[in-house]
Structures are given as structure tokens and as C-alpha cells.
Amino acid sequence: MVRYITRRVLIAIPMLLLITLILFYAIFAVGDPVARLTAGNPRITEQDIARIKQNFGLDKPRPLQYLVWLGNVVRGDFGESIVSREPVSSMIGRRLGNTLILMGTAFVVTQLIAIPIALVSALRQYSWFDYLVTGLSFVFYSFPVFFLGFMLLWIFSVKFNQWGLPSLPSGKMYDVRGERNLFELVKHLVLPVLTLALLSAAGYVRYLRASVLEVLGQDYIRTARAKGLWNALVIRRHVLKNAALPVVTIMILELASLFSGAIVTESIFAWPGMGSLFIDAMGDIDYPVLMGVLFIATSLVIIFNLIADIAYAYLDPRISYS
Amino acid sequence: MDRTQPKSTAGQSGATADVRAQLQAEEASTRETLSPWKITRRRFMRHRLAVASLVFFTLLVATVFIWGALLPEGTARTADYDLIRQPPSLQHPMGTDQAGSDVMQRIILGGRVSLTVGILAMAISILLGTLVGAVAGYFGGGVDNVLMRIVDLMLSIPSLFLLIILAGVIGPGMRTIILVIGITGWMGVARIVRANFLSLKNKEFVEAARSIGVRDFPIIFKHILPNSVAPIIVAATLGVAGAILSEAYVSFLGFGIQPPQPSWGNMVSPGSFLLTITQAPWIILFPGLMITITVLTVNFIGDGLRDALDPFSRL
Numbered sequence: 001m002v003r004y005i006t007r008r009v010l011i012a013i014p015m016l017l018l019i020t021l022i023l024f025y026a027i028f029a030v031g032d033p034v035a036r037l038t039a040g041n042p043r044i045t046e047q048d049i050a051r052i053k054q055n056f057g058l059d060k061p062r063p064l065q066y067l068v069w070l071g072n073v074v075r076g077d078f079g080e081s082i083v084s085r086e087p088v089s090s091m092i093g094r095r096l097g098n099t100l101i102l103m104g105t106a107f108v109v110t111q112l113i114a115i116p117i118a119l120v121s122a123l124r125q126y127s128w129f130d131y132l133v134t135g136l137s138f139v140f141y142s143f144p145v146f147f148l149g150f151m152l153l154w155i156f157s158v159k160f161n162q163w164g165l166p167s168l169p170s171g172k173m174y175d176v177r178g179e180r181n182l183f184e185l186v187k188h189l190v191l192p193v194l195t196l197a198l199l200s201a202a203g204y205v206r207y208l209r210a211s212v213l214e215v216l217g218q219d220y221i222r223t224a225r226a227k228g229l230w231n232a233l234v235i236r237r238h239v240l241k242n243a244a245l246p247v248v249t250i251m252i253l254e255l256a257s258l259f260s261g262a263i264v265t266e267s268i269f270a271w272p273g274m275g276s277l278f279i280d281a282m283g284d285i286d287y288p289v290l291m292g293v294l295f296i297a298t299s300l301v302i303i304f305n306l307i308a309d310i311a312y313a314y315l316d317p318r319i320s321y322s
Numbered sequence: 323m324d325r326t327q328p329k330s331t332a333g334q335s336g337a338t339a340d341v342r343a344q345l346q347a348e349e350a351s352t353r354e355t356l357s358p359w360k361i362t363r364r365r366f367m368r369h370r371l372a373v374a375s376l377v378f379f380t381l382l383v384a385t386v387f388i389w390g391a392l393l394p395e396g397t398a399r400t401a402d403y404d405l406i407r408q409p410p411s412l413q414h415p416m417g418t419d420q421a422g423s424d425v426m427q428r429i430i431l432g433g434r435v436s437l438t439v440g441i442l443a444m445a446i447s448i449l450l451g452t453l454v455g456a457v458a459g460y461f462g463g464g465v466d467n468v469l470m471r472i473v474d475l476m477l478s479i480p481s482l483f484l485l486i487i488l489a490g491v492i493g494p495g496m497r498t499i500i501l502v503i504g505i506t507g508w509m510g511v512a513r514i515v516r517a518n519f520l521s522l523k524n525k526e527f528v529e530a531a532r533s534i535g536v537r538d539f540p541i542i543f544k545h546i547l548p549n550s551v552a553p554i555i556v557a558a559t560l561g562v563a564g565a566i567l568s569e570a571y572v573s574f575l576g577f578g579i580q581p582p583q584p585s586w587g588n589m590v591s592p593g594s595f596l597l598t599i600t601q602a603p604w605i606i607l608f609p610g611l612m613i614t615i616t617v618l619t620v621n622f623i624g625d626g627l628r629d630a631l632d633p634f635s636r637l
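As given, the protein sequences belong to chains E and L, one line each in that order.
Take 1 as the starting number for the first sequence in my numbering and just add one per residue.
Take 323 as the starting number for the second sequence in my numbering and just add one per residue.
Calculated from the structure, these hints are not laboratory results.
As the structure is a computational prediction, the values presented were derived from the model and not from experiment.
Take these hints with a grain of salt, some might be off.
Pairwise CB distance ranges (calculated) [said to hold, decoys possible]:
#1 L:V373 / E:L315: 40 to 48 Å
#2 E:R177 / L:V373: 34 to 42 Å
#3 L:I406 / E:G57: 41 to 49 Å
Quick look at which bits of chain L chain E covers, simulated, 3 or more residues with Cβ under 8 Å [to be verified]:
#4 475 to 484
#5 501 to 509
#6 559 to 571
#7 597 to 607
Just a sample of chain L residues kept apart from chain E, beta carbon distances all over 12 Å, derived [stated by the list, open to error]:
#8 V373
#9 I446
#10 F543
Cβ atoms here follow ideal geometry from the backbone N, Cα and C, with glycine treated the same way.
Let the sequences and hints guide you as you build the complete structure.
Structure below.
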């Protein structure tokens with residue numbers, strides 16, 4: 001076990017370095033950040049540009065720039081935004097909280113919707129409820145995020161407002177001049193959370209239902225029933241535990257994406273999170289910010305992949321490390 | 323498919339049941355020889371939603387490309403400020419957008435872009451994925467290790483981030499978007515094909531081919547690959563839906579196909595989302611609906627194919 005984990009970590013570290021190196025070069029291939037920064041300013045001179053480049057260390061060769069960046073990251077310093085001069089760590093710190101509020105809530109709501117529905121659907125296979133769930137999950141599974149977001153916004157924010165019904169806010173975390181309390185936050189959370197949760201619940205339901213059905217067909221379930229165990233106990237002790245195995249892995253992998261946010265959803269609902277930080281920084285080629293967001297997102301994917309593998313092997317003794 | 327099997331063997335001895343099954347199998351074989359493709363087609367035809375989806379998708383592609391070719395060059399590209407944000411009417415069945423263009427015409431032209439991107443990007447992904455998966459699975463060892471680490475590497479970067487950065491590197495435009503979506507979408511296919519090759523490469527027929535001196539690449543492409551065609555077809559179908567969605571997301575965020583060239587993705591992103599919903603929801607509603615219906619039908623086709631091609635399913 002220890003050897004397995006050590007080996008995986010030893011593979012993960014050079015991989016992360018390689019990814020950051022590739023991304024570092026890719027970001028500069030998008031365009032020249034200083035040219036983007038000074039574009040449209042007629043009074044800027046060649047000397048100014050040279051001075052700005054020197055300031056950011058952009059006059060040095062690219063490999064050296066990368067090493068400087070890497071050295072700083074190892075010491076916990078992500079540099080500062082070339083646009084606002086704010087430290088990247090504090091920018092990310094501010095956005096990460098917002099993203100976690102949105103994504104964390106969506107994650108919990110997804111499970112609350114998906115698990116009971118998938119269970120009932122699988123246990124009553126071929127009932128009208130099962131057909132309804134299978135059909136709806138297929139439809140929602142194919143729904144683009146922006147279209148569901150559009151429909152929810154249109155109905156519950158715009159139309160309800162026009163009809164004089166109590167409507168939900170259309171975006172942001174709080175109203176511009178409104179109060180900033182928990183109630184306001186929850187009101188602003190409803191639509192984006194619903195958008196995210198309905199879509200990912202559709203995927204979970206399909207997955208979990210299939211998993212439960214597969215377990216229900218196993219011999220040990222027949223054995224459990226044959227020895228006279230109550231149905232409720234069979235389901236709780238044998239079906240649920242085994243069906244949860246693959247789903248737990250999926251859930252752990254999903255946790256990694258919670259931190260990088262949902263780019264499209266945040267963009268639709270003007271949610272000030274990591275996704276919109278990335279989009280804004282992309283427009284300016286604000287490379288310290290971009291690298292910071294990407295570094296965190298990628299490291300989390302790698303770490304949670306590792307955790308998922310270990311958890312799977314831990315939960316299922318039939319799996320051996322190799 | 324149950325016609326050829328005895329309905330019930332309860333109460334009969336095993337031997338008579340066997341004889342009966344054999345007789346019926348013989349009868350069936352003299353009636354008609356079923357090639358694998360015939361069986362697949364029959365099974366697919368039984369999946370009614372998939373068949374309906376296939377008909378719809380074919381019609382959609384035909385409509386978009388024929389109608390699109392009939393529209394004069396430069397249609398729905400110039401702004402007409404007298405016609406801004408007109409609600410749907412007889413003249414403009416889907417209304418007009420923020421530049422005064424007819425939304426329906428733009429949907430036809432945008433559909434040409436979105437469907438082309440979807441299909442070609444999928445083709446690139448499938449080619450790349452199949453090649454990588456086949457080579458990794460067949461040769462194994464160091465080659466496999468390196469290729470699979472590349473797959474892991476690409477899967478470690480959240481896909482939309484990767485898509486946006488690559489789109490930025492290669493530059494916006496239809497061809498580049500096809501390329502970008504193609505080279506960010508092959509990893510799943512590679513894993514599927516690799517797994518297939520791993521299980522097939524030690525089978526007797528491969529052994530036989532090798533013993534008569536067939537070289538590695540003919541074995542890969544002529545002997546093993548045809549046996550993994552089923553999962554590749556399913557992945558390809560679902561890949562079209564995935565690529566259409568990817569185009570839509572990247573263009574929605576402003577990093578994909580650039581206006582005035584329409585695509586379904588950039589049509590759902592007309593400047594201010596909220597303002598448009600309040601004043602002219604049809605501008606977003608119709609292209610959004612087109613993306614959703616197209617993705618849904620393609621997914622239905624993929625689902626039907628999966629069932630039809632699965633040798634273990636008894637449809």
C-alpha cells in the first residue's frame with residue numbers, strides 16, 4: 001500500500017511539472033501580455049514597453065521565466081496580477097470561497113436529488129417511475145448548461161417578475177445595493193445551484209441506477225434473500241454498500257472540479273468565482289493569474305485521482321495494488 | 323431474437339430440448355443467413371427512439387446543408403438597425419437578433435458550422451484515439467506507459483480550461499476550432515481501444531496471424547481493429563454530441579467561432595445574456611433549442627447503437 005502510494009506520487013510530481021511547463025508556454029503563445037496591456041494607449045513608447053517587460057521579468061529568456069515562476073510557487077508565491085498588481089494568492093483566495101459556496105451547495109443538492117431517485121428507480125425497474133426517471137435523466141444529460149440556465153432565468157427571474165410573482169434574482173451573490181445576509185445569499189444561490197445540480201444529478205442517476213441494477217443481479221443478493229433476510233436489510237446491507245463502490249469514486253473525482261468552478265454557469269449568473277476569474281484573466285493574458293488558477297485546478301485533479309484510486313482499493317478488498 | 327429458441331423447456335428432458343433447439347436453429351439457418359451487420363441493423367430498428375432520432379438527425383443535416391447552400395453569400399451578416407430584436411412573425415418565424423438579422427437564417431448558417439465542427443472534430447478525435455489506443459494496447463510496455471501518461475496528463479487539465487487556452491493559441495475560426503476540439507477529445511477513445519486491444523492481442527487468431535509471419539501493423543489494422551469496431555462506433559456517435567457541445571461552450575464564452583460568422587454556440591451569447599432574456603428571449607431560445615435537440619438525438623442514436631452492437635444484449 002505504502003509502496004503503491006509512493007510510486008503514484010513519484011509519477012504525479014514530474015507530471016504536474018510537465019503540465020505547468022506546457023501551460024506556461026501555451027499561455028505566452030496566446031499573445032503578448034504587455035502588448036495586450038498597452039494596446040490602445042497612444043502615448044506609450046518603446047522604452048515604456050521595455051521597462052514594463054523588465055518589471056515583470058519578461059525580458060529574460062522563457063525557460064528562465066518559467067523557473068522563476070516555479071521557484072516562487074514552491075515558496076507559496078503565485079506572483080501578482082499584471083493588470084491590477086494584486087497578489088494572485090489573494091485574488092484566488094477571494095474567489096475560491098465564492099466558488100466553494102456555489103459548487104459545494106450544488107454538490108450536496110445533486111446527491112440529495114440523485115441518490116433517492118436512482119435507488120427507487122432501480123428497485124422498481126420497469127415501473128412508470130423508472131421509465132420517467134430514465135427518460136428525464138437522458139434528456140437532462142444532453143442539456144447544455146447555458147440552455148438550462150437560460151430557461152430557469154427566463155421563467156423564474158424574468159417571467160415571474162413580469163407576472164408580479166415573487167421572482168428569484170438573476171445573478172451575482174448579492175444585490176448591488178442590497179443587504180448581505182445569509183437569506184440573500186441563499187436566494188441568489190437557487191438558480192445557479194439548480195442549473196448545476198439538475199445536470200449533474202442526471203449523470204449520477206444514470207450511473208447509480210445501473211450500478212444498483214448490476215448488484216441486484218448478483219448471486220450474493222439471491223443468497224441473502226434465500227436465507228430469509230428481510231428485503232430492507234438486503235438492500236441496506238448488501239445492495240447499497242456494493243452499489244456505492246463505483247459511485248464513491250466518481251464523487252471523489254467530482255470533488256476536484258468543485259474548486260475550479262463551473263465556467264459557464266458562473267458566466268451566466270455573474271457569479272464571482274474561479275471560472276470567471278479565469279475568463280477575465282484570459283482576456284488580458286494575465287499570465288500569473290492564469291497560471292495560478294490552472295496550477296490549483298490541475299493539482300487538485302491529480303490529487304483527487306490518487307485519492308479515488310486509494311479509496312476504491314480500500315473499500316473493495318478484491319482490488320489489489322499493482 | 324427469441325424466435326429460434328424454445329419458449330419453455332420446463333417439464334421436458336434436457337435431451338429433447340437440445341434436439342428441438344438444434345432443429346429450430348437449423349430451420350432458422352436455412353431460412354436466412356444473418357450477417358453481423360444485419361443483426362445489428364435489426365436490433366437497432368427495434369430501438370424506436372433511436373430510429374426516430376436517426377431520421378430526425380439525417381433530415382436536420384440535409385436541411386441545414388441544402389438550405390444553407392441556397393442562401394446567398396453574406397446572408398444574415400450585415401446589421402440592419404430598423405429590424406433589431408423583432409419578435410417572431412410570419413416574415414421572421416424565429417424573430418430577429420440584436421443586429422437585425424433573421425434568426426432562422428442564422429440558425430441554418432450556424433448549423434452548418436456547428437454540425438461540421440461536431441462531425442469533423444469527432445473524426446479527428448476518433449482517428450487519434452484509435453491510433454494511440456491501438457499502438458499502446460498492442461505493443462504494451464514502455465510505449466504503452468508513455469502514451470497512457472500523455473492521456474493522464476491531458477485529462478488532468480479541466481477540459482474547458484484546456485479548450486479555451488488551445489483555442490487562444492491556435493486562434494479563433496472554424497478550422498482551428500475543429501482542430502482544437504479534435505485534439506482535446508481523443509483520450510476516452512484511446513482508453514477504450516487500448517482496453518479492447520489488451521484483451522484481444524493474445525487471442526488465437528492473432529497468434530495464428532503472427533505465426534504465419536504477418537507484421538505488427540497489418541495485425542493491428544486488419545485483424546484486431548475490425549474486432550473493436552463496435553465500441554469505436556458508439557464512441558464516435560457520442561463524440562459528435564460532445565464536440566457540438568464543446569463548440570457551443572467555447573463559442574458561448576467568446577473564444578470559439580467569432581461573429582459575424584454564426585454558430586449555434588455564439589448565437590446563444592448575444593452580448594448581455596440577461597438583457598436579451600428580458601427583451602428578446604427568442605434570440606437565445608431557438609439556437610439553444612437546436613443545440614439541445616441535436617445533442618439529445620445524437621445521444622439517442624448512440625444509445626441505440628450501443629445496444630445493437632453489444633453481443634451480450636438480447637434485444
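Structure-based check of each hint:
| no. | hint | result |
| --- | --- | --- |
| 1 | L:V373 / E:L315: 40 to 48 Å | holds, 41 Å |
| 2 | E:R177 / L:V373: 34 to 42 Å | violated, 56 Å |
| 3 | L:I406 / E:G57: 41 to 49 Å | holds, 48 Å |
| 4 | 475 to 484 | holds (count 7) |
| 5 | 501 to 509 | violated (count 0) |
| 6 | 559 to 571 | holds (count 4) |
| 7 | 597 to 607 | holds (count 5) |
| 8 | V373 | holds, 16 Å |
| 9 | I446 | holds, 19 Å |
| 10 | F543 | holds, 30 Å |
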